[in-house]
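I would like the entire structure built from these sequences, with the hints used as guidance.
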Amino acid sequence: MQVNEYKPLIVAFCCNWCSYAGADLAGNNRLNYPADVKIIRVPCSCRVNPMFILRAFQRGADGVIICGCHPGDCHYTSGNYYTRRRMALLFSMLDFLGIERERTRLEWVSAAEGAKFAATMNDFAETVAALGENKRLEDLRCKK
Amino acid sequence: MQKVNRDVLLEKAAAMLDAGEVQAVLGWGAGEFAYDVTPRVFETSDELRADFVWNDFCGANLSKYLVSKTKKLEGKLLVFLKPCDTYSFNQLLTEHRFEREKVYAVAVPCEGMADVQKLKALAGDGISSIESTDSGFSVTTIYDDAPVEVKGADVLLEKCANCKSRKHVAYDELLGDEGEVLDSNRFDEVERIEAMTSEERFAFWQGELSRCIRCNACRDVCPACTCEKCVFDNPNSGAENKAPTTSFEEQMFHVIRAFHVAGRCTDCGECSRVCPQNIPLHLLNRKFIKDINTFYGEYQAGAEEGSRAPLVDYTLEDLEAEDVFKKEAE
Amino acid sequence: MQRIGVFVCWCGSNIAGTVDVQAVSEALKTEPGVVFFTNYQYMCSQAGQDIIIDAVKEHNLTGIVVCSCSPRMHEATFRKTAAAAGLNPYMVEIANIREQCSWVHKDMASGTEKAIILGKAAIAKVNLNAPLTPGESPVTKRALVIGGGIAGIQTALDIADAGFPVDIVETKPTIGGKMAQLDKTFPTLDCAACILTPKMVDVAQNDKIRIFSYSEVQEIKGFVGNFDVTIKKKARFVKEEICTGCGACVEKCPMKKIPNEFNLGMDNRRAIYIPFAQAVPKVATIDPSACNMLKNGKCGVCSKVCTAGAIDYTQKDEFINEKYGAIVVATGFNPISMDKFDEYAYNQSKDVITSLEFERLTNAAGPTQGKLLRPSDLEHPHTIVFVQCVGSRCAACAEKGKEYCSKICCMYTAKHAMLVRDKYPDTEVYVFYIDVRTPGKNFDEFYRRAVEEYGVKYIKGMVGKVTPEGNKLKVRASDLIAGKQLNIDADLVVLAVAIEPDKSARPLATMLTASMDTNDFFTEAHPKLRPVESPTAGVFLSGACQGPKDIPETVSQASAAASKVIGLLVKDKLKGNPCIASANELMCNGCSTCANVCPYGAITYIDKEFPMFDRTMQTRRVAQVNPAVCQGCGACTVACMSGAMDLRGFASSQIIAEVDAICR
Amino acid sequence: MRKCSLSKLTDLFQKINESASLYLPATDNAGGAVYTKWADGVEYLDVLNTVRSPKDFFFPQSENLMEFKLKGKNIEILDIREESEDFVIFGVRACDVKSFEVLDRVFLSEPVDSYYQNRRAHAVIISMACMRPADTCFCTAFGIDAAEPAGDVSAWKTECDLYLKANTEKGAQLLAKLSNLTEECDDSEVSPLQEKIRNIMKKLPLEGISLENFGKGKTKEYFDSPLWTELSEACLGCGTCTFVCPTCQCYDIKDFDTGSGVIRYRCWDSCMYSDFTKMAHGNSRNTQVERFRQRFMHKLVYYPENNDGLFSCVGCGRCLSKCPISMNIVKVMKALGGEKK
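Protein chains in written order, with my numbering: chain G, 1 to 144; chain S, 145 to 474; chain X, 475 to 1138; chain D, 1139 to 1479.
Think of the hints as simulated: they come from the structure by calculation, not from any bench.
Here the structure is a predicted model, which is why all the values come from computation and not from measurement.
Treat the hints loosely; a few may be bogus.
Label-pair ranges, simulated between beta-carbon atoms [said to hold, decoys possible]:
no.	chain 1	residue 1	chain 2	residue 2	range
1	S	V211	G	L140	49 to 59 Å
2	S	Q350	D	S1157	27 to 37 Å
3	S	Q350	G	H70	32 to 42 Å
4	S	E449	X	N945	57 to 67 Å
5	X	G637	S	V211	27 to 37 Å
6	S	E466	X	A869	22 to 32 Å
7	X	G560	G	N29	47 to 57 Å
8	X	E943	S	E472	55 to 65 Å
9	X	L1060	D	L1203	25 to 35 Å
10	D	K1175	G	L140	14 to 24 Å
11	D	P1198	S	D288	32 to 42 Å
Distance condition first, Cα-Cα at most 16 Å in a straight line; then the derived EDC-like pairs of lysine to aspartate or glutamate [to be verified]:
no.	chain 1	residue 1	chain 2	residue 2
12	D	K1341	S	D195
13	D	K1472	S	D298
14	D	K1469	S	E243
15	D	K1469	S	D195
C-beta atoms are modelled at their ideal positions from N, C-alpha and C, and glycine is treated no differently.
What follows is the structure, encoded as structure tokens:
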């Protein structure tokens, strides 16, 4: 095993009702994904403020993924619809500023989709790892 | 250049002040030079006659002042609004930022406002007088005896060069003729940047944003930024920051500010007009406007009072975030 | 600064197998605020919980971090533990090091490293936790049911049976709704009136139930447990409490040519009328648009013949204010308008009728006393064509029809066809359909009987055009299976018209701040798990206002809604979820952005005075979150530009602290 | 006095840059000028004002003061100060040179600001006389002679030559290094130039500004003036004037949590900001009128009161051209009676 292998840091915001439960199910089924993925539980994907996402990048995250209930399944009826608009616009803006578009992602993962959760995290971690370290949205003061 | 004369505005305001129909008038006041016009509240017709200005340098959008000024008055405040200002006026009303009944809005047609910097670049420094002519300006400097003729079209403010509308969308009274919503090329520059590679875009914005000195002029002049307390001034917000300490802080400030006004920004262009570092901040706002139009259908903030901003709305069939770039590619 | 205890669970080998629990607890002990740390085999066991309780007492802990399984598993357990130790239950945070760590990562090194980071994030969050107490609000023990059809009736009866007073508001002069207009019901073919009218009588006789017929809901304020409702009781010009329903006035009324709504205009009623014999309340109503006395003061016959003296031409609309703890919406449905469907010649020929009109035609109390006669010439029809999916499943014709399936048409058309063949075996009956949908108990059997026993001719295909010609209706249709065009000379064409929510639903939804879908059906709080609740707390859905339904489904949903209402009304006080939004008034702009995204209508605005630095007072519009209504999704917190709106339990500062800890 | 042909300007810069980093006004690619580290290809831009003043060299917008490292529950304090390298600033206008004097009074009085002192000690300033002053210039009012700029070395530029005159020991040492590229000439060679500049200054529109009514002892006269309300009416409360000002020297000290420690840094602050000097009890000046008054009273009354009559404005005119609403010190001075009789 290589010692200095680059490990991306990935922050995953998961809504309590679907995606967090989906992540739990992935656990129940012992489905592997990289330990680089760290989950933060939020009540609904619509709780995720763009400021949190930028904050994660500032502090050294290499990728940020937001997971919520599938459209139509939001525990709060409409939260994920707002998330969808907010993130579509935010991601487009980050791309406009020249930030790699692959560093951010929005996925719908239901409580029954443990396999999808694991697959999504594997894919995202791989994508981010291929990009390498986040340089464009980093804050040098936070480098170790 | 302006079709409606200063005296028309002056007499309107003076008459209403004298008749007690309004308590004060929010307009533009004379400065040291022709070009350094300052927004001002006039309380008597004498003050108006002495200092009221309506010329080609009245770029300032007065609508934001209504938030604070109407609260200080018992009676009505007369405000002069250019077409683009009326959009901000509506947006502020939609967000309940002032009471409509405390304002008497007088709409003034606008032929575009001049950018002093552009004017100086063409006419030179040391300006001693500026005369408006039919086609532009006749500028005299202390260095030349003969005045320099400058075409008005060459020195328009960016927001006027890409004017979106000459139509007033809200007023109590209109002076002069009503204009129309225009087909502008305001998204051209956004498209030019979109066409760049990711690396080029990053370099472009690093170059622009690195000039930022965080004077907050863009925010403080913005009619959509009327927060009682801005997140960037609030130590508890997690975003507070006073200086562009690192390039991240520059990005953070401008992305979040643009996001906060997304769907609410009327594209009045004040941010870019006041930026002491000439950062094209309006491009960030226009990027959001363009995306909103592309993703969710045409929407012009402020065009209609009470309209629902796209970020507080949704449809079941909305574009998925992952399809954003496919849509843009179309 | 908090005094935090960290408790790392082994979960037997579930966690300890892949995570070095000793290393985790050692690593976390130097985190800010941590004053106690330990690890144990099963934190959730009584012995494990005792460790926590003892530690809280011994070390004066103010916050607890349990590194264990998912909070979805044991958060509630450890909150109770905290409470048992005398701590606020919301001072507990869980680091999920089982489902999201030990079970998904194979090697000890990375599992341990990640568990430490997750622990740090939980510590960072709990450092910012504040004790939370669920808000309490009283419950008015009375329910309001809007709509007096079978849905409303069933809901009201069930609630009343549980001992709570219920008011029914019905716009028509009588309760009964659509079911009262039906003849027989599928799949049992029992007579609608025979099963409905006893229930209507039950309602009338139940002393817990008040009926506001010929009334509308005017205004709704308040929130779950505390709705404040204004009901407009329209003037019916008859004193309800005096009228005996004898009908003498109706008989003598000279205005005879008023289209009878109950029979869908297929016969006439008088200006003073009782909709049908079993109406509840059985009192007369004067139609002010038809009554001569009310229009020009000439007549007064009804007043003269009324021995009880119930007629009152001066009656005015009356407004009643009442408080309710829960509101049930049961506004039902209507067939859509046929105005835009020229191809079926509905407006050209009296003999093209809707299925609901057909119900009246076959009903013994209907315009033909139950004899099946053509409306145009009162002749017995020999060839009848039933057309299904008229305006339903009509993706291409959204501007006139509906995209959805109206669900009930297949079954009632089978019923109609069967009844015709049963009573009039000489009649030829065609049914044109796209698909026949018969999911339901005994439904498919019922349909097959229509085909197999009664010889109804089912043809897969759509009717293209109906053309009245002489006393016949030329029906041009396609038979998709045979692959040919059909031309049928019909005597009667019956359209299974799509149904849509009642028009009163949309304004009502606005008053209730309840959400609707694009078809104006009320949305459920959750399509699977909370199908009879609206997302707006305290508002429940009964019957077809939520989506097309047949009678058995409607009744079961009505009872389900009633049970939810009862569950609410038995409580003396409502305890809310304490993890809700709240607005910092000093930073609030009053811009309404948050209210725009709130799915529950939990946010209202007040004008509030604030002292200014120049010693004046300034009035500003500020948001107020109703703690009884807010569900804590957090949509408002992101919509709010100034950050005035925050979410307790998931505060921005807490989430940022977690982000920071993870990215450290 | 030394003189150098403009054709040899690049060589001159090259030479200076050999011994110390050279900074000079160059294009900011946005219509303005910014002090840029010279390298081959960087062209000197002879504009009147850079957008940001050269105060940045000594008092940058933000700078780290010290760091704290967290080791377990222990905190370690790190002194991160480093000795500055020598550097040369070329093309500083007379007004901006004067601004250093204003800053020095603040930062070099006891207790001395070691961060500022360190950089100040390592800088050599080459000033530049103003050939084309603008309508916004009013340095004369502060006794500044645009024709005779101060600094370690004074410079004058004509169509073909650059004249250099050392004013200090540091300046002389620098000029000595450049002797191969320059030739000796008489001071009188720049006299016609100076004459011309002084004549232009008299023609400027703001020539009439007078300081007679300001300075020491004027607090009571102006503090309660009703004019402040009117003058500050349109002020947005942004920091543009303070941040482009060469003499504004207020700063805030803040801590940044890096995740593994804390960086204590200071950054420019503006008395126009609502959270300026916020303390535990709140703010000392709660309304924009008070904040606005503070800025101008400080420049025109308080500072001279405490600094032997030296004003804390040098008439560079940056705030005149940059204020979003065109309110500025000249308008304030005129309103308060600051015009020559």
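With the threshold set at 16 Å, check whether the alpha-carbon distance from K1341 of chain D to D195 of chain S stays at or below it.
Violated, at roughly 25 Å.
Is it true that the C-beta distance of Q350 of chain S to H70 of chain G lies inside 32 to 42 Å, as the hint says?
With Cβ atoms ~38 Å apart, the hint holds.
May I ask you to test the hint 14 to 24 Å on the CB atoms belonging to K1175 of chain D and L140 of chain G?
Between K1175 of chain D and L140 of chain G, where Cβ atoms are some 19 Å apart, the hint holds.
With 49 to 59 Å as the target window, see if V211 of chain S and L140 of chain G comply at their CB atoms.
Roughly 39 Å apart at Cβ, these two residues miss the hinted range, so it is violated.
Has the hinted range 25 to 35 Å been met by the Cβ atoms of L1060 of chain X and L1203 of chain D?
holds, 32 Å
Distance restraint evaluation - E943 of chain X, E472 of chain S, Cβ atoms, bounds 55 to 65 Å
holds, 57 Å
Please check whether E466 of chain S and A869 of chain X have a Cβ separation lying inside 22 to 32 Å.
The hint (22 to 32 Å, Cβ to Cβ) holds, given that E466 of chain S and A869 of chain X are roughly 26 Å apart.
16 Å Cα cutoff - pair K1469 of chain D, E243 of chain S
Violated, at about 32 Å.
Lying within 57 to 67 Å: is that true of the beta-carbon distance E449 of chain S to N945 of chain X?
This hint holds: roughly 58 Å between Cβ atoms.
Taking 47 to 57 Å as the hint, is the beta-carbon distance of G560 of chain X and N29 of chain G inside that range?
Given range 47 to 57 Å: violated, Cβ gap about 39 Å.
Would you check the hint for K1469 of chain D and D195 of chain S, treating anything up to 16 Å between C-alpha atoms as holding?
holds, 13 Å
If I claimed the Cβ atoms of G637 of chain X and V211 of chain S lie 27 to 37 Å apart, would that claim hold in this structure?
violated, 54 Å
Violation of the numbered hints given earlier is confined to hints 1, 5, 7, 12, 13, 14; the remaining hints are satisfied by the structure.
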